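Put together the whole structure using the sequences plus the hints.
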Amino acid sequence: MRSFWRTLAGRRRVSPRLASHALASYRHIFNALDRRLLRAIGLVVVADGVVGVSFGAIAVSGGQPAWVPLVMSSAVFAGGAQFAALYIVLGGGAPAAAALAGLVLNARLLPFGFAVADVLDVGWPARLLGSHLVVDESVAFALAQREPAARRATFWVSGALLFVVWNLGTAIGVFAGKAVGNPDALGLDAASPMVLLALVLPALREPAVRWAALLGAAIALAATPFLPGGLPVLLALAGLAAAAVPCARGRSRPAPRSRT
Amino acid sequence: MTIFAILLLAGGTYTLRAAGPALAGQIELSERVRWLLSVAAAVLLCALVVTSALTSGHGFAGWARPAGVLAGGVLAARRAPFLVSVMAAVVTTATLRLLGVG
Chain A
31 MRSFWRTLAG RRRVSPRLAS HALASYRHIF NALDRRLLRA IGLVVVADGV
81 VGVSFGAIAV SGGQPAWVPL VMSSAVFAGG AQFAALYIVL GGGAPAAAAL
131 AGLVLNARLL PFGFAVADVL DVGWPARLLG SHLVVDESVA FALAQREPAA
181 RRATFWVSGA LLFVVWNLGT AIGVFAGKAV GNPDALGLDA ASPMVLLALV
231 LPALREPAVR WAALLGAAIA LAATPFLPGG LPVLLALAGL AAAAVPCARG
281 RSRPAPRSRT
Chain B
101 MTIFAILLLA GGTYTLRAAG PALAGQIELS ERVRWLLSVA AAVLLCALVV
151 TSALTSGHGF AGWARPAGVL AGGVLAARRA PFLVSVMAAV VTTATLRLLG
201 VG
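Residue numbers (our numbering), protein chains in the order written: chain A, 31 to 290; chain B, 101 to 202.
Keep in mind that a hint or two might mislead.
To be verified - Under 7 Å between C-beta atoms, here's a sample of chain B residues computed to sit facing chain A:
id, residue
1, M101
2, L109
3, A118
4, A142
5, V143
6, V149
7, H158
8, G162
9, T193
As the list claims (entries may be wrong) - DEER-style ranges, computed between Cβ atoms:
id, chain 1, residue 1, chain 2, residue 2, range
10, A, S104, B, R179, 35 to 41 Å
11, A, F256, B, E131, 36 to 42 Å
12, A, L159, B, F160, 38 to 44 Å
13, B, T195, A, W154, 29 to 35 Å
14, B, R178, A, P95, 27 to 33 Å
15, A, A96, B, R132, 47 to 53 Å
16, A, I202, B, V133, 38 to 44 Å
17, B, V133, A, G122, 24 to 30 Å
18, A, A209, B, R178, 26 to 32 Å
19, B, R132, A, R66, 28 to 34 Å
As the list claims (entries may be wrong) - Over the 10 Å line for every Cβ pair with chain B, so calculated as not near, a few chain A residues:
id, residue
20, V81
21, S91
22, F107
23, G122
24, E177
25, P178
26, A179
27, A180
28, A190
29, F193
30, V195
31, A201
32, I202
33, G207
34, V210
35, V230
Hint data in this document are derived by calculation from the structure and do not stem from the laboratory. Please read all numbers here as calculations on a predicted model, not as lab measurements. The C-beta atom is built at its ideal place from N, Cα and C for all residues, glycine as well.
So, in structure tokens, the structure goes:
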């Protein structure tokens, strides 16, 4: 993978060998992922695509011009923030307030970016492009992998597929408009928390992580009725104290995941 | 929605995303900081799971969604395949809504 990006970055000018080389590299990526993981990514991508359809449909049904959901899905590429901003505007709020609410919701992407920084530590083109693919699902899928190569491949494949299908779904929703029903009737609103839960469960087997996560989740839940969306989740970081304290005392420090 | 507001949201979001990868390349993080960052990601993901399963806006999301996530979560904890647990969550929630549970 490292050599994949180095090679691509080093060959800006299109060479006849680039195509075949890239093909071999993609094969390399997919070899690093097992079929079960690819199926799991596929399922998440399809579920997100359906939510993307509803985003496009809700935006145009609410009277927004078609370019608004299309530009938002490609340039913002964060479902929760896009819906939050859209609902504020559809409810008569100021666009600037909608943007700020979306930014608060996306503040968690800052620590997520640090968590996957080693995945993107392969030169500036990869860093700049890959940063745009930092979303809850791609981070969760990547961090669930132990080997650095698998982690990198998982991040790129899940992030890129999510981006393509999210935008495709938005476009379908824009053109289907009001014909699209409510995805909640299909139970799809349960898919997003379930996907993240399944991906984070193995990490919770470490006691320090489990206590930090439980404490953080309790704080976030307690704060939800009182704070604007996004802030409660950030407050959960206070739960880190539960992991840091036993660590400082020098007991039960779990071995970090292997990094080469 | 104005183009200015969208660009503000998009630019701000990209900055939040890119800060970690950009800065981590410049400074050497200790093993302990790296470990804490991966724990932080797990903590944030868990908080997202709990708040998005149980709440909608500032209030309770109704029983159907948390029941579905709980059903899928029990299966996942018993090491059921990913597809099975996610499908179980979706089907449970959809069935409960069909039966009139909120």
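Verification of the hints:
1. Hint status for M101(B) relative to chain A: holds, with the closest Cβ pair at about 5 Å, below 7 Å.
2. A hinted interface residue such as L109(B) counts as satisfied when its beta carbon comes closer than 7 Å to some beta carbon of chain A; here the least separation is about 4 Å, so the hint holds.
3. A least Cβ separation of about 4 Å between A118(B) and chain A falls short of the 7 Å threshold, and the interface hint therefore holds.
4. With a cut of 7 Å, the hint placing A142(B) at the interface with chain A holds, because the nearest CB-to-CB distance is about 5 Å.
5. The beta carbon of V143(B) comes within 4 Å of a beta carbon in chain A, closer than 7 Å, and the hint placing it at the interface holds.
6. At about 5 Å, the closest approach between the beta carbon of V149(B) and any beta carbon in chain A falls short of 7 Å, and the interface hint on this residue holds.
7. Contact between H158(B) and chain A, as hinted, is supported at the beta carbon level, the nearest pair being about 5 Å apart and thus within 7 Å.
8. The interface hint given for G162(B) is broken, as the beta carbon of that residue sits about 10 Å from the closest beta carbon of chain A, more than 7 Å.
9. At about 3 Å, the closest approach between the beta carbon of T193(B) and any beta carbon in chain A falls short of 7 Å, and the interface hint on this residue holds.
10. Hint check: S104(A) to R179(B), Cβ distance near 38 Å, so the stated range 35 to 41 Å holds.
11. A C-beta distance of roughly 37 Å is found between F256(A) and E131(B), which places it inside the suggested range of 36 to 42 Å.
12. Taking the beta carbon of each, L159(A) and F160(B) are about 40 Å apart, inside 38 to 44 Å as hinted.
13. The hinted range of 29 to 35 Å is not satisfied by T195(B) and W154(A), whose Cβ atoms lie roughly 49 Å apart.
14. A beta carbon spacing of about 48 Å between R178(B) and P95(A) contradicts the range 27 to 33 Å that was offered as a hint.
15. Hint check: A96(A) to R132(B), Cβ distance near 49 Å, so the stated range 47 to 53 Å holds.
16. In this structure the supplied range 38 to 44 Å holds for I202(A) paired with V133(B), their Cβ-Cβ distance being about 43 Å.
17. In this structure the hint that V133(B) and G122(A) lie 24 to 30 Å apart at CB is violated, the actual value being about 44 Å.
18. A C-beta distance of roughly 40 Å is found between A209(A) and R178(B), which places it outside the suggested range of 26 to 32 Å.
19. Taking 28 to 34 Å as the suggested C-beta distance range, the pair R132(B) and R66(A) conforms, at roughly 33 Å.
20. The beta carbon of V81(A) sits about 12 Å from the closest Cβ of chain B, which is more than 10 Å, so the claim that it is off the interface holds.
21. Look at S91(A): its CB is around 14 Å from the nearest CB on chain B, clear of 10 Å, so calling it non-interface holds up.
22. Some Cβ of chain B comes within 10 Å of the Cβ of F107(A); the nearest lies about 8 Å off, and the non-interface call is violated.
23. The Cβ of G122(A) lies farther than 10 Å from every Cβ of chain B, with a closest approach of about 12 Å, so its non-interface assignment holds.
24. At the 10 Å boundary, the C-beta of E177(A) stays outside the reach of chain B, the nearest C-beta of that chain being 15 Å off.
25. At roughly 12 Å from the closest C-beta of chain B, the C-beta of P178(A) stays outside 10 Å, upholding its exclusion from the interface.
26. The beta carbon of A179(A) sits about 17 Å from the closest Cβ of chain B, which is more than 10 Å, so the claim that it is off the interface holds.
27. With a cut of 10 Å on Cβ distances, A180(A) stays outside the contact zone with chain B, its closest approach being about 15 Å.
28. Against the 10 Å criterion, A190(A) stays outside the reach of chain B, whose nearest CB is about 15 Å from its own CB.
29. Its beta-carbon lying about 12 Å from the closest one in chain B, F193(A) satisfies the requirement of being farther than 10 Å from that chain.
30. Every beta carbon of chain B lies more than 10 Å from that of V195(A), the smallest distance being close to 16 Å; the non-interface claim holds.
31. No Cβ of chain B comes within 10 Å of the Cβ of A201(A); the nearest lies about 16 Å off, and the non-interface call holds.
32. Every CB of chain B lies more than 10 Å from the CB of I202(A), the least distance being 20 Å, so the non-interface label holds.
33. The Cβ of G207(A) sits about 17 Å from the closest Cβ of chain B, beyond the 10 Å cut-off, so the non-interface label holds.
34. The Cβ of V210(A) lies farther than 10 Å from every Cβ of chain B, with a closest approach of about 17 Å, so its non-interface assignment holds.
35. At roughly 4 Å from the closest C-beta of chain B, the C-beta of V230(A) falls inside 10 Å, breaking its exclusion from the interface.
In the structure shown, a violation is registered for the earlier hints numbered 8, 13, 14, 17, 18, 22 and 35, in ascending order.
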